[in-house]
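Take the given structure of chain X and dock chain Y to it, following the hints.
There are 2 protein chains.
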Amino acid sequence: MAAWKDAVPVASEQFDRKREMLLHEAAASFNRRGYYGTSLAEIAKKLGVTKAALYTYVPSKEDLLYYCHEAAMENAMETLHKAQAGGGNGLQKLTSTLCHYMGMTLGDKGAYVVLLEENAMKPAHARAIINRRDKFEQGLREFVVEGIADGSIVQCNPKLAVFMMMGALNWGRKWFRPNGAWSGAQIAFAMTQMLERSISSAPSEALINDPGTITLEPGNEEDAKSSRRRLA
Amino acid sequence: MAAWKDAVPVASEQFDRKREMLLHEAAASFNRRGYYGTSLAEIAKKLGVTKAALYTYVPSKEDLLYYCHEAAMENAMETLHKAQAGGGNGLQKLTSTLCHYMGMTLGDKGAYVVLLEENAMKPAHARAIINRRDKFEQGLREFVVEGIADGSIVQCNPKLAVFMMMGALNWGRKWFRPNGAWSGAQIAFAMTQMLERSISSAPSEALINDPGTITLEPGNEEDAKSSRRRLA
Chain X
1 MAAWKDAVPV
11 ASEQFDRKRE
21 MLLHEAAASF
31 NRRGYYGTSL
41 AEIAKKLGVT
51 KAALYTYVPS
61 KEDLLYYCHE
71 AAMENAMETL
81 HKAQAGGGNG
91 LQKLTSTLCH
101 YMGMTLGDKG
111 AYVVLLEENA
121 MKPAHARAII
131 NRRDKFEQGL
141 REFVVEGIAD
151 GSIVQCNPKL
161 AVFMMMGALN
171 WGRKWFRPNG
181 AWSGAQIAFA
191 MTQMLERSIS
201 SAPSEALIND
211 PGTITLEPGN
221 EEDAKSSRRR
231 LA
Chain Y
1 MAAWKDAVPV
11 ASEQFDRKRE
21 MLLHEAAASF
31 NRRGYYGTSL
41 AEIAKKLGVT
51 KAALYTYVPS
61 KEDLLYYCHE
71 AAMENAMETL
81 HKAQAGGGNG
91 LQKLTSTLCH
101 YMGMTLGDKG
111 AYVVLLEENA
121 MKPAHARAII
131 NRRDKFEQGL
141 REFVVEGIAD
151 GSIVQCNPKL
161 AVFMMMGALN
171 WGRKWFRPNG
181 AWSGAQIAFA
191 MTQMLERSIS
201 SAPSEALIND
211 PGTITLEPGN
221 EEDAKSSRRR
231 LA
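Order-wise, the sequence lines are chains X and Y. The first sequence maps to residues 1 to 232 in the working numbering. The second sequence maps to residues 1 to 232 in the working numbering.
Be a bit skeptical, because a hint or two may be false.
For identical chains, the list gives no copy identity; a pair is met inside one copy or between any two copies.
Straight line, CA to CA, 25 Å or less: simulated DMTMM-like cross-link-like pairs of lysine to aspartate or glutamate [unchecked claim]:
#1 Lys135 <-> Glu146
#2 Lys159 <-> Asp210
#3 Lys174 <-> Glu142
#4 Lys51 <-> Glu20
#5 Lys82 <-> Asp150
#6 Lys135 <-> Asp210
#7 Lys122 <-> Glu20
#8 Lys61 <-> Glu146
#9 Lys46 <-> Asp134
#10 Lys174 <-> Glu137
#11 Lys46 <-> Glu117
#12 Lys174 <-> Asp16
Calculated directly from the structure, the hints in this document are not laboratory data.
Looking at chain X on its own, in the form it has when it is part of the complex:
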C-alpha cells in the first residue's frame, strides 16, 4: 500500500509534467509549420517517444491543438485578472497584462499557439477558444477605456489599440529565437514600454536602447513586472 501511496502522486505529477511538455512541443510545431503541416509522429519524435505513447495524453491532433489554445487562453485570462486585482490606473493595468502575456508567449513554460487557423479546429472547439480570446481582448479594451477616463491614456480607438498591441505581441512568436541575444522577459519588457508610449498621456523621453541590458531577477515574467514597477 505504501508503494501505491507514494507512487500515485508522483505518477500524476509526472503525467502533468509530461502533458505540459507535450503541449509546449506541439505549440512550437503548430506555430512554425501550421496545424496542417504538423504531424503527431513528428511531435513524438521530438519528445523521444512513440506516437502511440502520445495517445495517453491526447486523443487526437485536433484535441492537442485545442488543449494548446485552451492552456494559452487560461494563462492569458490569469494575467488579466491579476492586473485587475493589482489596481492602478487603466494604463498600468493594460501594460501589466501585456508584459505578462508576452513574457508567457515567449517563455519556455507556456503552451502558446498564437495563430488561429480557420477550420483547423472542430466548430465547438473553435467557438470556445474564440469566445475566450474575445473576452481577453474585451478586458484589454476596457483597460484602455478606463485609461482614457482616468487620463492615463490619450483619446484613441480602444479596439484598434488592442488589435495593434496583440499583433505586436503575437508576432513575437514568429521572430523570437530562444538562444538569441534577448530573453523573452527582456523583449516583453522593452516591447511593452514601446507600446505603452503609443497611447500614454505622458510619453517617455526615450526608450530602451538595448533590451539585452535590462536586468531582470531570475524568475521571468514576475520580474519583468517588478522591474517595470521599479523603473516606472
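Below, chain Y alone, put in the same frame as chain X:
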C-alpha cells in the same frame, strides 16, 4: 493578321489580370487556412474554373505560394523606394512606408501572404523570399536610425521597433474584414498614426477616435498618404 494583332495584347492583358486574381485568391486562402490547409482545387472552385485551368498560370501549389510572396515583397520594396525618393525626415519616410504597406496588405489588389510557414516553400524559394523580407525590414530599420539621428525619433532599439510595427501591420490580415466598418486605407492610416506615436519625438496629443470617419479620396493607399500629409 489584324485579328492577331488585336487579339495578342488583349489576351496577354487578360492573362495578367487572371494571374493577379489567382494570386489574390490564393493569398486569401493561405492566410486563412495556412499553406497545408489550402488546396488548388478549392482555389479553382472559388474562381469558378477547373483545377486544370490553374496550371496555365502556375505549375504547382508551391510555386503559387512563392509567386504570392514574391508579388507581396515586390510591392513592399516599391513602397520603401518611394519613401526613400520622397524625402523628409526618418520618421516621415518610415510612416509613409508603413501606411502604404498596410494599405496594400488590406487592399483588394494585393496578393499578400503575411505568414511565412516554415518548410512550406522549397529551400531556394524560401531563401529568396527571406532575403527580400530582410532587405525590406533592413530598409525600415535604416529609417529609424535616420530618424534618431535627425531628431524626429526618440532613442530606441530600431530592430525591436521594426519587429513591433511589422507585427502590428501584418496582424491586420488576421482580423480585417473587407465589409467591416473601416476600410483598409482607413485602418492603415489610423494604425500608422498610433505606431508613429510610439517612437516620435513629438508625440501627438490625441489619436483618431473612429477610423471610420477618416476621409480618404477614392483610390486607396495614395490617398491615405496624401491625407496623412494634409493632416500632418
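Hints, one by one, checked against the model:
{"no.": "1", "hint": "Lys135 <-> Glu146", "verdict": "within (16 Å within a copy, 40 Å between copies)"}
{"no.": "2", "hint": "Lys159 <-> Asp210", "verdict": "between (30 Å within a copy, 10 Å between copies)"}
{"no.": "3", "hint": "Lys174 <-> Glu142", "verdict": "between (28 Å within a copy, 22 Å between copies)"}
{"no.": "4", "hint": "Lys51 <-> Glu20", "verdict": "within (16 Å within a copy, 43 Å between copies)"}
{"no.": "5", "hint": "Lys82 <-> Asp150", "verdict": "within (20 Å within a copy, 41 Å between copies)"}
{"no.": "6", "hint": "Lys135 <-> Asp210", "verdict": "between (34 Å within a copy, 22 Å between copies)"}
{"no.": "7", "hint": "Lys122 <-> Glu20", "verdict": "within (22 Å within a copy, 33 Å between copies)"}
{"no.": "8", "hint": "Lys61 <-> Glu146", "verdict": "neither (41 Å within a copy, 48 Å between copies)"}
{"no.": "9", "hint": "Lys46 <-> Asp134", "verdict": "neither (33 Å within a copy, 29 Å between copies)"}
{"no.": "10", "hint": "Lys174 <-> Glu137", "verdict": "both (20 Å within a copy, 14 Å between copies)"}
{"no.": "11", "hint": "Lys46 <-> Glu117", "verdict": "both (23 Å within a copy, 19 Å between copies)"}
{"no.": "12", "hint": "Lys174 <-> Asp16", "verdict": "neither (27 Å within a copy, 33 Å between copies)"}
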